[in-house]
Amino acid sequence: MHRRIMVVAAAVAALFGIFTFSALAQKAPLSLTVSNDGTKSLRFPLTPGLDSLQIKTGTNLNSLGPVNSILVRKTPGGYVYTTSNQLPAQFYSLQLQQMSSNSLITANLLNRIAYGPTPDELERLAVIGPDAYINEQLAPETVPSSVDSYSSVKTNGVSLPPNTNWTLVTVTGNVSSATFYIYLRSAGQVNVDAMELHWSYVLTAITNTGGVLTTNVYTNYTANVLTNGDFELPFTTPWTIAGTTQTGSFRDTSVACSGSASLRVVATAAGTGNGNAIQQVVTNAPVTARGTNTSGQIWTNAISGLRSVIKFAYLPTPTSHMLTVRLSGDGTVGSGNDQPTDPEWVYATATGPATATPTLYIYLNGAGEGYIDDLKLVAGTVPEAGPNLLMNGNFEQPFGTGWSATANFDTSYVDNTVSHSGSGSLHIIAEDAGSGSGNAIFQTNLPIANTQPYTVSYWYRPATRGRALTVRLSGSFLNSVPDNQPSGIRRRLDRADFSAAIEDLRAWHCNNAVASPRQLLEILTQFFENHFVTQYSKTADYFDQYYDGLQNNVATDLEFREVSRWRAALMNPNCTFYDLLKVHVESPAEIIYLDTVVSRGDGNNVANENYGRELLELFTMGVDNGYDQYDIVAMSLSWTGWTVDIVDRADIDNPFALRSREYGRYPGVGFNAVSNIIGVWTFVFNNTWHGTNRAPILSVWDTNFPATDPKPLAGEAGKKKYAARFGPPWAGTSYQLVIPAGRTTPQTGILDGYDVIRHLSTNLHTAEFISVKLCQVFVHEDFVHGVYDYTDPNRSREAELIRQCILAWDTPGPGTVAGRGNIRRVLRTILNSDLFREYGNPLQKVKTPIEFVASSVRALRSVNADGSATATTDGYSFTSPLNRMGSMSLFNRAEPNGYPEYASAWISAGTLAERVRYIQSLLTAANASPARPGDAGNNFANPVALLQKKLAANQLLNASAIVDYVLGIIFPGEGRANLDQYRNAAIGYLNDGSADPSPNSTPFSQLSVSNAASSAYDIRVRGMVSYLMTLQRFQEQ
Amino acid sequence: MEHYHFNILSRRSFLDKSMKTGLAVALSTLVDIPMVMKRALAEGNIGLNGKKLLFIWLRGANDGLNSVIPILDPSYATSRPALRVTTDPAATYGTPGPADYAFGSATDLYAYKMAIKLGNGFAALHPALKFLAPVYNAGDLALIHRVAYPRQSRSHFDSQNYWENGNPNNNLVKDGIFYRTMLEYLNDRAAQGAPSSALTGVSIQGSLPLILRGSAAPMTNLTDPLRYDLLGVPNDANGNLKATNYLNAANGYIVPDKRNRGLLQLQYENLRTTLTQFANIDFTEAGNTYQDGFTSNALGDDGITDGDTDWANAPGHNGRGYYLFPTNSEKNGGWRRPDNTTVFAKYAVPTSLHGFFANLKAAALVLNNTDAIIAGTEFGGFDTHVNQQADIINGTHPGLNRGIGWAMHALRKYFTLYHNKVDWNNEVVVTLSEFARTTIQNADVGTDHAEASVMFVAGGGIQGYNKTPGRSGVYGCSPSDSIPWVTGTSGSMFGIDSRYLKRIHDFRSVLGEIIRKHLGASDAQLGRIIPGYLDEANQHLRNGGTVLAPTYDKINTATKGEPGILI
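From first to last, the protein sequence lines stand for chains A and B. The first sequence begins at 16 in my numbering and counts up by one. The second sequence begins at 387 in my numbering and counts up by one.
By construction, these hints were calculated from the structure, which means they are not laboratory data. Model, not experiment: these values are computed from the prediction. Mixed in with the good hints, there may be bad ones.
[Stated by the list, open to error] Simulated restraints, written as ranges between beta carbons of each label pair:
1. A448(A) <-> E716(B): 34 to 42 Å
2. S738(B) <-> I221(A): 43 to 51 Å
3. Q644(A) <-> Q578(B): 49 to 57 Å
4. D447(A) <-> T737(B): 42 to 50 Å
5. E716(B) <-> A1028(A): 36 to 44 Å
6. A371(A) <-> E716(B): 51 to 59 Å
7. S884(B) <-> A448(A): 30 to 38 Å
8. G856(B) <-> I221(A): 44 to 52 Å
9. S884(B) <-> D447(A): 52 to 60 Å
No residue lacks a Cβ here, since even glycine has one placed at the ideal position from N, Cα and C.
Bound-form chain A, shown alone (with noise of 0.2 Å):
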């Protein structure tokens, strides 16, 4: 519904009045104003949402006629309208257009349930309406989405003797003595072989010749210390079997890795180590020594960083990851895995022209190895469709039939052990990084047109962490990356076995920002991440003590499933804020990051507060309102035993589950390396270090007792009561939480964290400090915790909001804690109050860091049928520009607060710059002298790529109709009439050669329509959506 508002005005000389708008959301005073100059003026106020204005004027009331509009002044204070007061006695009317609602909530909602308006969705909304759009993000499982989808099969097409299915396992780690144990951790059986043990150390020499010193580094990798460890030799000395468990072990001559013989470790029972277990004591460390050599020189070795490196092979078995093989004291410690599983296979196409010299490249971005079968290059875009243009493709001839390989990949081969399907496929070996040309696998003269369309595709098993395969055409217009695209960083991230880093999660979470159609998913995931902060670094140092160069991926995995979990939480319809609460007591990173993981409350042990604080403070109930210190004291025993261990896959879930990888028995006081093999780190309840003791919680406490001994009052008098200002019915009601006693078992004592949770996620001040969160994400900066009075019949309309929030979130239905605290419902009862739809509300807020870089991607963006885009991002280039906006850095936040959603936290000149900056760089990159270098990194936009897409050619070269339509797309919550400045200065940018590769005067409609890159066309284009987006305006949402 358009808005129009007519004032009609009866004023003769001398008449003074206020005229109110009673249509508007806001009071707008109109006013004329008769001056001793002879000239009388009519005022009015500057309108959000306006349109169009209109003044008309006459003497008769049934024709009036519109004034000349350059007489109508815009300034801070409003509209003037200034005329001689000379005339007889006139009529004046005033109309006032206002954007329509529909277009209005529109560009709100494309502003605050996603990460900024995109050129498609304006023209979907305009179709559908907003409201539909609302229902649509509420019920982001309705929404497909493949921005990040993958297929895979886990198969091994070639059936294998058992025999050949050892596995070979490495470890490093310290070293603290030097006896080397093989044991199981329960009954079983399992063969060994090909065992070696190395010291690794860095040695520093310095020698003193005559009073010079000199000094030397050396690095050392000794060879094979073990004596024996191939089993070739008869099983005696020095391997010795200690204790009873294990003496049933004999060297086996029927199976053996390698050479004839293996080791078959039997168990009858548990081993342990010293005096349970096969066992041979190895040569001494390399020791520090000093002392005067035979020249006369003094010198000295000094060891730094001893650790010993462990390999050895095993035949899986049931039991066999109850395999320990360890050095004793804190030494190195090496397990046995989870059984294999047939390998993984992952599916790509990519699609793309040829090129006149048609060769088709196979490699990978450095040393590693890999398989690929199945491989397909068809004509056109759809795979595998037609025939299969390469020879061999499958892959069950021998490799040089149609393949060649240079360089680096030069002993790959066709592998009869490994299939996705048939009997063999490509198994590439790189001994360093391929290129193409001249560095990879290939197969040329290739029966393909140039500049044709074809169609590639293939099933791969993941090559070795960190490496990327290709496979493209050259001329690379056929590029194929699986490990690189939004699929591939998608497939790494859940695999869980620590091939994706840090950069890929975060890579992953913008590309979906920017281009995925579950948008209010994206805001909700950004919003309860940074809610429930964790710090990725904290957990990094945290597994520092046990990995070499892994953590960094351990504490990437724990992130990223504490990330999907809330997804998959906010997927659910009935999802509460209990649910995502859930998540987050359980999440391995919270437990580390608020030092739950060694908090003990046995015996004289006192349980850590941190998290019991920010649990009440940030969490849920919000600071100073309605816990005291007290409370956390009594509340942060029930989190006691909340702590983290290593288990097998299939225990993800369990937290009673058994720890499944030996890693040293002082687990955060060593250096002892995990297994570098797989095993995930999950939240286990530790129900010895639990403290059962404790008092109720939100009491009201009898202070005659120490806070670090709560007690409450006695009866009525010792529980915490909801204020008056809750009214009714929940004012005088009880919220204190009693835990029930006896709970001494693992299965009860965990209860204890889940009823303060399940009392927490349903108590009217939680309600109240997340409403206030979320309208601060979706309304505006100015609400606030713990002191709106609700029965206040005056009370602001922000409080009414809240309190509309709190009763949604106390009313039941389906799902945990008898439905209350459904979150769709929360935001239903947000994105339909008047607040959120009333004129005033859009671009009343500032973009954080992530906003304003997602939204700058998306302003621009466009998506083609082939699936490219007029503006994209690769994900990785958000680090950079988040971090110089003010030190946004994802996923690692380092105060519990999580970001903050205050303009006035992130908009200071300083900050400003570096977003002009962003914006010039991402605009005009395609012109970036080396000398500037690209602060956008692989954030692209092509403007005239767009225009030429949405525009009809014949307003290609009409400035109005260009900035009318980048307006439009940028600022379309803003309302014409007050764009009309920028869209004239616009409009003379475009017009202004003065920047031209050769500054000229021709205006825009004479240049020739262009997108490359240095045609004037483009330069004007470019910089004139650049100056636009580089505005106040757009810095807000």
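Given the coordinates of chain A, work out where chain B should sit on it, guided by the hints.
Chain B in isolation, oriented as in the chain A frame:
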């Protein structure tokens, strides 16, 4: 406790509106300000008295005992057999007088390798701090010993948090002391309806430190001052000008008022203004031309040339002395000798400190050439657990000391010889460091985390050596202090757990005195900037007294309150 600045935010948005719509509207709107926000007059003088502050964060915990050395405490030498600085048999450490630093040989800037006598008859400087001596002797330096805070944490993370948020043992306060100082300035300006400076608090480092962080008003961090310009249309210079001109013109375009539009308007104007200001500052290496004065200038013979006449004779550098900011080898002292030889000992500072001096230079330039009131940077590497002093001049910690000494010396010269918006007399330079290191050296010939340490405070207004006759520039390191330094094996160096120097100064008192007396905060403002400052009865931050256990401290601790380094 989390601090939410609702009122302050409101005041700010009021300020923004008044800035935007002009004074007339502002005055008429003043009537509508709720009582809680009304502040008829400015409370203090922060930002209005021409005084400025430069901070240097020594991250990792500086070994104060090997910076300002209690040289006449016999326990010093016995506790640190391999880390001690030896005494000069020719020096009379027990006699008050100026810092007695020796010139050394003609070719070695740091030839003197023994404890430098200080003016209080007890303490000495590490020889690597040699360039503090001229600052000290001018009376412009306060060396404040035994600085810490109640219930001292020995975690880097926690302790840095407390120093920055000004709330010992509270990690929940998420804004910083200097941020709150700037907020008081902004509120004062808002209360008067007067425009405020575009730049207030500025740091030059990786990211904005907590001490300048807060949510109600933006402080500025520059990871690289050379990035602080706009790109325009990178076709040619005309393109940049065209884009910037259009951008600036758009700052005046009129739209209906909405939340945050005032803030955006203000900060875009700030951007426009600061771009101009920054454009006039040459942050490039080529612009780093600041050199020491002639050795015979009015500041007195400071010994910088160290008798090295080769330097004075170097082509194009006759007698101009060293560059103040050694940001590369060329500008780092002896490199440019005619024979072009490199002698490490002739560098003013270790070459690893070039990056720090680049940031320090930028901070100094920003303070001197813009309206910023507080600026600073950080200086890392002080966590010296291992082999901390392999060489008395070039070892790890001595190298860091050289950085501190040269920084103070260079800043004094810079703000004296090249002053623009602020001169040395209106400048205070202060160092922060989260705690000290153990009194006794460890098995790795290093030191571990401890408690009380040293703060270096310099400036023309500092009441240092001989500013009044008989005055010393050393605070808290003498047996004749009102809370005396007790020597010996059960003395001050072992005041806590037999390993840690016990505090008599609270860092909040030192910063408080600077913020109150130098920057001009009122008492009420200081109470907001440093919580607890008005709780004199218990915390004794102003006038000193005994801080009682267990409420505020672990053990009853006699403290000095403000050290009295300013008039």
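> Using the C-beta atoms of G856(B) and I221(A), is the stated range 44 to 52 Å upheld?
Replying inline: 50 Å Cβ-Cβ, so the 44 to 52 Å window holds.
>> Tell me if the beta carbons of E716(B) and A1028(A) are separated by a distance inside 36 to 44 Å.
In response: holds (39 Å)
> In this structure, is the beta-carbon distance linking A371(A) and E716(B) contained in 51 to 59 Å?
Replying inline: Distance hint for A371(A), E716(B) holds at roughly 53 Å.
>> Can you tell me whether the CB distance of D447(A) to T737(B) sits inside 42 to 50 Å?
In response: violated (35 Å)
> Do the Cβ positions of Q644(A) and Q578(B) conform to the proposed distance bound of 49 to 57 Å?
Replying inline: violated (40 Å)
>> Quick check: does the Cβ-Cβ distance between A448(A) and E716(B) fall within 34 to 42 Å?
In response: Between A448(A) and E716(B), where Cβ atoms are some 38 Å apart, the hint holds.
>> Verify the CB-CB distance for S884(B) and A448(A) against the hinted window 30 to 38 Å.
In response: violated (58 Å)
> Do S738(B) and I221(A) keep their Cβ atoms within the hinted range of 43 to 51 Å?
Replying inline: At roughly 21 Å between Cβ atoms, I221(A) and S738(B) fall outside 43 to 51 Å, so the hint is violated.
> Okay, S884(B) versus D447(A) on CB: inside 52 to 60 Å?
Replying inline: 58 Å Cβ-Cβ, so the 52 to 60 Å window holds.
Of the numbered hints stated above, those contradicted by the structure are hints 2, 3, 4, 7, listed in ascending order.
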